[in-house]
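Trainee: Under UniProt numbering, the letters of the sequence shown match residues 1 to 93, in that order.
If you are wondering where the hints come from, they were derived from the structure by calculation, not from laboratory data. Just so we're clear, the structure is a prediction, and the values are computed from it rather than from any experiment. A couple of the hints might just be wrong.
[Unchecked claim] Below, computed lysine to any residue pairings styled on SDA-like, alpha-carbon distance capped at 25 Å:
{"id": "1", "residue 1": "K85", "residue 2": "N68"}
{"id": "2", "residue 1": "K85", "residue 2": "G43"}
{"id": "3", "residue 1": "K85", "residue 2": "D51"}
{"id": "4", "residue 1": "K85", "residue 2": "S4"}
{"id": "5", "residue 1": "K85", "residue 2": "T55"}
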Amino acid sequence: MSTSVPSSSRPRLARHVRLAFDRAREQHVLLRPESVLVLNGTGADILRLCDGQRTVAEIEQELRGRYNRVVDDEVQHFLARLAAKRCVVISDG
């Protein structure tokens, strides 16, 4: 797996993964069979936009509108790490 995903790709959560808010931790988490990944706010925002319709470039643009600083390759690397863990499915654009 490469260290980043192309801007034209359309990411979505894998079928066995669910984004949720854990009240005990007071943080967003990614629930997988037999494991939990704790996310920061930005990570949760990225994953909420991963609907299989938006491209990575569109997700980056949306985040630029919300935050003062969004570095494109950080979003791509984040998604690549989750794809390597089989949490995110990356479809070609």
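Trainee: Hint by hint, where does the structure go against what was stated? Just the numbers, ascending.
Mentor: Of the numbered hints given earlier, the structure breaks just one, which is hint 1.
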